[in-house]
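**Q** Each chain is listed here by its residues.
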Amino acid sequence: MKPPPFAYCRPHSLDEALEFLAEHGDEARPLAGGQSLVPMLNHRLARPAVLVDIGAIGDLQRMDRNESGWVIGATVTQRRVERDGTEGCDLLRLAMPFIGHRQIRARGTVGGSIAHADPAAELPAVALTLGATMVAASPDGEREIPAAAFFAGPYMNSLEDGEVLSHVIFPTVPPTTRCSFREFARRKGDFAVAGVAAAVDFEDGSVTAASLTAFAVGANPVRLTSAEAAVAGRHLDEAALTDSAEAAAAEIEPWDDIHGSSQYRRQLVAALLRRALQEVAP
Amino acid sequence: MTAPTARRVEPSVEVPISVTVNGEAVEAVVPARQLLADFLREELRLTGTHVGCEQGICGACTINLDGEPVRSCIMLAAQVDGSVITTVEGLSSEGLSPLQQAFKDNHGLQCGFCTPGFLMTLSTVDPEDYPGEEGIREAISGNLCRCTGYGGILQAVRTVWNRPKDA
Amino acid sequence: MPDTFELGGRPVYTGAHVTRRQDDALLSGQGTYVADLRPSGMAEVAVVRSPVAHGRITAIRTAEAAAVDGVIEVITAADLTDVAPYPNFAAYTQTPGTFPLAQDKVRYAGSPVAVVLAENRYIAEDAAELVEVDYDELPAVTSLEAALEPDSPRLFEDWSNNRLLDLQPDDSEVAAILASNRVLRRRYKMGRHTAMPMETRAALAEVHNGRLHLWCTNQHAHIARTTLSYVLPLAERDIRVVIPYVGGGFGLKQHLYPEDVLVSWLALRHGRPVRFVEDRAEHMIAAAHARDHMIDIEAAIADDGRILAMRVQVVQDLGSAEIFPGAWCPALTTAAHMTGPYDIRDCVVSVAAVTTNKTPGGSYRGFGVPEAVFALERFIDEIADEVGVDRLDLRRSMLLQPADLPYTTASGALLDSGSFAESFERVVELGEHAYRQADAQYRSDPDSRVGVGYAVLFEGVSPTHHGASAHWMGHESCTIEVQPDGGVRVASGVTDQGQGTTTFVATLTADALGVEIETVRVELADSDATPYGLGAFGSRQAVIGGGAILLAAAEVRGKVKKIAAHMLEAPTDDLVIEAGRVHVAGSPAPAVTMAEIATTAVIRTIDLPPGMEPGLEATARYEPELMEHTPDTKGRINANAAYANAAHAAVIRVDLGTGEIEILDYILAHDCGTVINPPIVDGQIWGGIAQGLGGTLYEDLCFNDLGQPQTAFMDYLVPSAIEMPDPVIEHFESPSPNTPLGMKGVGEGGTVGPAAAIGNALAQALAEFSPQIHETPLSPAVVRAMIP
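Residue numbers (our numbering), protein chains in the order written: chain A, 1 to 282; chain B, 1 to 167; chain C, 1 to 788.
Label-pair ranges, simulated between beta-carbon atoms:
1) E144(A) <-> E129(C): 40 to 48 Å
2) D64(A) <-> E129(C): 42 to 50 Å
3) A767(C) <-> T242(A): 23 to 31 Å
Interface residues of chain C toward chain A, partial, derived using beta-carbon atoms under 10 Å:
4) A46
5) D279
6) R280
7) D447
8) G657
9) Q710
10) R784
Hint data in this document are derived by calculation from the structure and do not stem from the laboratory. Even glycine gets a Cβ: it sits at the ideal position worked out from N, Cα and C.
Can you make the complete structure from the sequences, with help from the hints?
**A** So, in structure tokens, the structure goes:
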């Protein structure tokens with residue numbers, strides 16, 4: 001389990017990195033924290049000719065809050081987000097402990113996880129639930145991609161050739177928005193067998209807006225629009241929970257693998273969503 | 001497209017690095033694809049960093065990199081240019097550290113293969129980030145042990161973190 | 001027991017917490033494992049493995065790989081013209097004829113086909129990708145049921161079926177009992193999992209003065225040496241096997257694998273050191289798998305549920321069986337444990353071990369016993385349900401009581417001592433208490449159900465090696481030498497994979513000689529430096545290795561006293577040895593030191609008593625008298641020197657939403673006879689429970705219908721500290737009258753019970769849904785499917 005041969009560079013500016021990526025085209029890959037890419041190299045599942053390490057680029061390490069939310073540079077580590085906190089963005093805080101283990105979060109990056117688009121990963125689900133914005137940089141400038149358009153299949157994103165994810169904007173939510181992040185993994189720190197993320201607004205005990213997402217149940221995280229509709233305008237009483245959970249189980253199309261069948265994943269999503277809604281209910 | 005800067009260093013299959021390991025400055029030219037664990041073990045002969053899975057799961061290769069516990073089997077040696085590393089060999093300059101002693105006193109190891117990884121995780125993290133008995137388990141959950149069932153390890157951590165079990 | 005099996009005097013270290021010898025080195029990164037060795041000029045190998053489960057090799061093209069810069073040679077089976085297949089001494093089995101590299105056919109995905117020797121592992125892996133192998137694929141046999149079918153494709157075409165082993169004893173007596181009573185039938189299965197030591201396999205071969213030196217992770221230095229002499233064109237005297245620090249064995253490293261042979265052959269051929277370090281991806285498919293049993297029980301039941309007689313069929317899935325020593329013996333061990341510690345006089349077991357296109361099965365801690373315990377203990381709970389009696393009372397009505405001992409089981413096992421009923425009652429007391437607390441805590445939670453389950457068991461320890469290697473033996477060896485400065489060198493055939501063997505050897509030696517433990521140096525696992533022994537398997541080393549130590553020490557001690565008596569002019573019988581000094585009992589002075597005595601024995605022999613032979617050392621071998629290596633005409637055999645026992649209780653909470661089992665309490669009462677080092681015993685039990693729970697709840701080696709392995713390491717769920725409960729461990733001590741110091745083995749008691757205890761707890765927790773619990777693993781998906 002040794003990586004195949006490749007050439008490596010570690011530019012200190014984003015422009016330089018973009019140049020290298022442009023010059024080497026398909027043969028090049030950006031390397032952020034490497035917590036997914038290096039295992040893939042070790043398994044020889046990835047064979048780039050050139051690795052462009054973007055870890056030394058200062059511009060990609062910003063982490064600040066502006067009027068639209070938290071702006072998190074692509075190579076900000078998950079550990080830094082966990083440690084420094086993201087006030088006003090509760091869902092991100094709730095999701096962080098589920099990402100691998102401390103040693104993974106120490107190197108793993110927010111941008112890397114989102115760009116990698118693992119169907120079972122947590123941050124893509126958070127991004128989709130909150131309606132985050134991905135900002136792609138290329139030699140032509142920057143381009144904003146909404147989360148709903150970013151994920152393009154398992155391990156696939158909608159970045160164009162020559163583009164690098166430079167930062168992600170996670171919207172902050174008002175204090176009235178209540179969030180829950182629920183994941184079922186076989187062991188703590190493993191990839192999810194199934195998970196749900198919820199951000200729900202209430203007025204007088206009734207749901208005014210619900211953003212519900214399931215992950216690890218398909219190619220990419222998926223908004224549970226039927227489940228959202230099932231709770232719209234309602235108190236989260238037993239009947240609403242049941243309606244929403246049943247709608248979620250019906251609307252997803254999960255896969256089978258050695259940890260569970262499609263049917264099992266439907267049951268999991270129903271159970272997890274029910275608990276998430278119980279948690280956010282005022 | 002901006003013009004190449006003077007600092008531009010082309011991609012290469014050999015990469016010069018400067019790194020501090022266990023307090024000593026090391027200058028080396030490493031193959032671009034060499035894993036950090038292999039650099040430590042095969043070039044620096046610091047074989048206390050063990051390789052158990054080469055995919056970032058078992059934790060045996062955990063080291064302290066710039067104050068964080070990281071898995072050296074899923075990092076490239078080329079990535080540590082400018083960093084400060086501590087391996088198990090650098091945990092104590094004389095005798096055993098209190099953490100190492102606690103492992104010994106509480107039968108916290110059997111085959112010892114996973115032990116350096118546990119020691120490096122525990123010597124790097126802040127116990128205050130891991131409150132209570134559950135915190136101890138959380139702190140070591142990224143390190144797998146196949147011999148002990150964790151009983152002696154948990155007791156060693158309770159001892160060295162001054163956290164009695166039923167407190 | 002002869003009184004030579006005694007400690008010399010009052011034990012100082014035996015029974016105490018003696019800290020372990022290797023810990024300072026291991027804790028500071030100084031323990032040297034095979035992968036840490038790198039002699040100058042070393043080359044490394046990568047193995048080309050079959051991607052298909054079953055196929056005929058039609059062509060292998062190595063030229064492109066051989067041309068890679070840094071590649072030294074690429075070899076295939078055709079190059080190994082002077083290598084012999086692994087032998088098979090078991091006349092009652094069919095022979096797989098295992099060869100280190102696949103010849104003509106591959107029989108599992110992962111089978112070694114070619115080897116690249118290169119300057120380092122990176123280059124070797126680059127070149128291995130360039131070796132092209134053409135296969136004519138054949139239909140794969142991927143389950144034991146399929147292997148049993150008469151028209152199943154055969155793995156070995158010269159066999160008439162896929163049954164490597166097929167023992168069908170005369171069952172007429174049991175059949176008669178079944179015919180005249182109520183009969184209950186059940187089928188149980190235990191899934192495929194494995195040891196998964198944190199250190200993978202590794203081997204480093206060097207040639208010194210024409211002799212092969214193999215450093216490897218094997219559990220037996222001498223058996224490895226002997227086996228290499230069978231396979232390689234080398235005399236045994238020209239082979240040295242050394243086992244340095246090993247990162248866990250658990251049985252998986254009992255086997256002498258193809259790579260051990262291949263690096264040896266390449267080192268001899270090229271005259272340079274050759275190292276193989278298995279990577280984890282290889283380990284998943286090429287190191288021994290285990291369990292994978294199916295057990296059918298038919299039992300005649302009395303009105304009160306008691307088992308009157310049993311007819312059992314055990315089938316073990318061996319995978320391709322291309323492994324040495326062969327791996328059918330777990331099935332025989334299952335058979336020997338089918339009655340448990342119950343008074344079931346009539347039990348007949350047929351045993352089949354079948355080949356499938358999967359990774360070869362092999363040894364793993366528990367070795368057939370978890371399978372038997374799971375089947376029998378689940379069966380007893382199911383009888384209780386069926387008949388309508390209390391499951392605990394049903395056990396009580398059959399459990400062996402102190403007055404029943406010694407007791408010979410239907411399979412021939414001699415249970416000479418034990419605390420079967422007592423340990424069970426203690427666990428029931430603690431288990432019921434814990435269950436009541438759990439029930440009170442979760443009764444109002446609609447998403448939770450709680451249950452408690454029990455298992456009570458005996459476990460053969462210190463077995464014959466016959467079943468594994470077909471060598472007819474079970475002995476262990478020890479040499480003790482007192483050197484002129486009074487220091488002691490002890491060398492033994494036992495080995496240390498981390499279980500503390502080195503420490504117990506020092507402990508027993510120090511106490512048996514009456515010296516301070518710091519003066520004892522232990523040499524193990526070097527075939528040049530230690531007398532022939534069998535090493536680590538079957539929880540045997542304390543019992544058998546300990547016996548050899550005590551025998552050697554008794555001889556040395558006798559001579560020490562004779563010399564001291566001569567020097568002190570006192571009667572030998574009046575002397576005692578304490579802390580390395582010999583004096584008359586009750587009067588500490590005058591005394592002579594071990595250094596003075598050894599100096600006299602070795603380098604001032606003029607001071608020896610007249611006629612005494614110089615020297616102060618002894619070599620002894622211990623083969624337990626009552627251990628049998630071959631069965632009698634009715635198939636009965638006392639295959640072990642001793643039998644440990646244990647009772648387990650698991651209190652669980654089932655999450656009805658996810659199917660997850662949470663272990664709230666785990667209670668184990670264990671009896672391994674006399675305890676040498678309490679923390680080490682506890683550590684063995686904790687670790688054993690972790691592996692037992694892993695196999696029950698988390699670990700599963702899956703294959704698809706094509707025989708493709710489906711479980712990568714990230715899916716092979718070794719429990720972490722978060723999954724592991726905090727067990728309550730209670731000790732009973734029933735010394736065996738037939739073993740040295742009354743010791744029994746401790747290595748496996750924790751591993752063999754969890755499947756049964758958890759299965760029974762789950763049955764209780766989900767009783768309202770009438771779940772069918774007949775298989776492990778009990779993954780959340782499996783459990784969730786039991787819930788409407």
